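Asks: Here is how the chains run, residue by residue.
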Amino acid sequence: MSEEAVVTHHLRLDPEDVGEQDAESLLDAIKSDLRYEEVIHGCLNCGVCSGSCPSHRFFDYSPRIVVQTVLSGDAQAVKDMMDEYIWACAQCYTCAMRCPFHNSPGGLVMIMREVAVWRGMEAVHRLLKPYGRVLLKVLSIGNQLTPDMIQPDFFPDWGPKIPWSSTDLAIKRKAIPVYTLQVTTSAWRVSPETSYELYTIYEETGVFRLIEQIDPNLYEVVSDMVEDLRDMIESSR
Amino acid sequence: MATSPISDKVRTSGWEFITKTVDKRAIMKAAPKDPREELAELEAKGEVKVIHITEENRPIEVETLLGRTKRIPTNKLWHHKSCGQCGNIPGYPTSIMWFMNKLGLEYLDETHQTSCTAWNYHGSGTSNLVALAAVAVRNWHRAYETGYFPLIHCGTSFGNYKEMRNLLIEHKDLRDEVRRIMNKVGRELVIPEEIVHYSEWLHVLRHQIAALKIHDVSSIITTVHPACHVWKLVPEDVIYDPNIYGGQRPAPTTAILLALGAQVADYSTWYDCCGFGFRHILTEREFSRSFSLERKIKVMVEEANSDVAITQDTGCTTTLDKNQWIGKAHGYNYELPVMADVQFAALAAGADPYKVVQIQWHTSAWEKLLDKMGVDWRTSKAEYEAYLEELKSGREPEQLYVPPVENLNLH
Ligand code: SF4
Ligand code: SF4
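Protein sequence lines, in the order shown, are assigned to chains V and C. Quick note on the UniProt record's numbering: the first sequence kicks off at 1 and runs consecutively. Quick note on the UniProt record's numbering: the second sequence kicks off at 1 and runs consecutively.
Just chain V, with the same shape it has in the complex (with noise of 0.2 Å):
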């Protein structure tokens, strides 16, 4: 290899690459990932990776091709596979278990959905629609999942339990004996300094700019909730 070639390694990418879609870059941006020499050792395309992925039971999905294509150099096929194909993938990192070559395809697949999401693709909003209440949790208190999330109407496979535990949930909270669990709308009670933190945080990483170019509705609402955040600690002070 030329030295010429050698890539430099990022931490993170730039949320004002947004819309930078071009195939040759994408991969570099893959490829330049401070993980990605820890993920890919080399391939010996044997399969066994897919073997035991779950998803490849289940979609025409497998982790070996991934390891394959990004492996090929053919920057073309690689953005293709990441516009849908990559999104099967369960992140139970059985392949990482199991390959002979300690590669992780479940690692490799998480550079590639980082890089199309921060680049913007376009199967990134519809991917990332039904995300818009975990998104909302995890950008505005750190948590991810919280008791009125969990509603009948949302998971009505999820059968006829369901109902009670969406009904008096405040008092059913309460009855938890534990005092940082008797909340409704988040998952344990976060102090507004905890959330404080977290924003300069978002901030710091390019987070909060991100979800601003890729869901500006989403964070509209987000931005009104920091803006009150920081009034409310900024005056306390």
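Simulated from the structure, these hints should not be mistaken for laboratory data. It is possible that part of the hints are untrue.
[What the hints assert, rightly or not] Keeping only pairs whose Cα atoms sit at most 25 Å apart, straight-line, the calculated BS3-like set for lysine-lysine is:
#, chain 1, residue 1, chain 2, residue 2
1, C, Lys372, C, Lys213
2, C, Lys45, C, Lys184
3, C, Lys381, C, Lys102
4, C, Lys392, V, Lys161
5, C, Lys355, V, Lys161
6, C, Lys213, C, Lys172
7, C, Lys33, V, Lys31
8, V, Lys161, C, Lys372
9, C, Lys368, C, Lys381
10, C, Lys172, V, Lys161
11, C, Lys45, C, Lys172
12, C, Lys172, C, Lys49
13, C, Lys172, V, Lys31
14, C, Lys355, C, Lys368
15, C, Lys102, C, Lys355
16, C, Lys184, C, Lys49
17, C, Lys381, C, Lys392
18, C, Lys328, C, Lys298
19, V, Lys161, C, Lys298
20, V, Lys161, C, Lys368
21, C, Lys328, C, Lys368
22, C, Lys381, C, Lys355
23, C, Lys298, C, Lys368
24, C, Lys372, C, Lys298
25, C, Lys355, C, Lys372
26, C, Lys392, C, Lys355
27, C, Lys213, V, Lys161
[Unchecked claim] Simulated coverage check for chain C against chain V, where a stretch passes if three residues somewhere in it have a Cβ under 8 Å from a Cβ of chain V:
#, segment
28, 119-132
29, 173-179
30, 265-277
[Stated by the list, open to error] Just a sample of chain C residues kept apart from chain V, beta carbon distances all over 12 Å, derived:
#, residue
31, Glu37
32, Arg68
33, Leu105
34, Ile244
35, Leu370
This structure is a prediction, so every number in the text was calculated from the model and none was measured. The beta carbon of each residue, even a glycine, is placed where N, CA and C say it ideally should be.
Starting from the known structure of chain V, arrange chain C with the ligands on it as the hints suggest.
Replies: Here is chain C with the ligands on its own, set in the frame of chain V:
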């Protein structure tokens, strides 16, 4: 040697390959460096601060996959709660705290914690390495400044924090960036000496916990679902014990069940995931349902005649528990209770099934199991319902634990 029907099934499942190849011998051919040695070097250079396990934490030593010793602190622990557990399986954390009270252990559960944010990351990709590492370090630092050692409840947080610990140790530029962000929030770069999951805590205290048992569980056939992010994501420091599966599979959870005197039955798809999939549970629900029913619930019942599926993590408990009812539409008429190891242990030790184990939030049918264990859930249910009415009338709730100071802010 006669071949039993089960061994034919397990042979075709690839189980033999896993047990023969994916074990410590195969991995040790290229054993990764011990991150704790590198962490000690960084600490000596003043690059990072380390949250040490001290005498006060009363550590117990165990052996891991690569034969390394891992120290599991048992006392003075900071509860790093799980949003999926607290939000959806509240008897999970309460059972942990109930045991800590029973054993007279000191702990801190408070409000200055975020989740690891890794469920959302694995599902949607809307974060990045620096944000994940900064969230991890912020939580670690909070534990550090309180003087308590972090005990990680969630399997994904546990796996993610081990990844973050390793990457922070290996990459100076990541450390520098996280340190810069920590300075902005008035914190420092700290890394715990060990990343410890609650199932490891339960494992090392299993004999003390088993001594609290009041119900005979020897007739109960359990099947264990080991959680992927607990044992596959960063496998090197997972606890293995030569007395449990000949040291070929992770020991936690199985070992506490054996200590309690329950039967642990094998089944051919033990290594499979649960079907949670991070995004699938929300966006590809048919996958989560089909996989959990076909590859886990059905196999646990048909091969092992299981009375209960025992878990050690958040998403698996939810997926296996919540997806059974819909299966009836396709003739999957299984009724297999699903609960975490610590909840099963708490039931065996006489914890109130409603007020402490909060079993009423579980959707799979658990009533027959509790009858078989000799747990009087009917009385407990009546008391719980009366208690809800009292709470509605303004009664103050009972507490296992109240934070010493709600808004304790030390930094
Ligand atoms: S992490 Fe993804 S690719 Fe690997 S085995 Fe699991 S589902 Fe398959
Ligand atoms: S198991 Fe490893 S070496 Fe084999 S095909 Fe998969 S990634 Fe390649």
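Asks: Tell me the hint numbers this structure goes against, listed in increasing order.
Replies: 6, 10, 27
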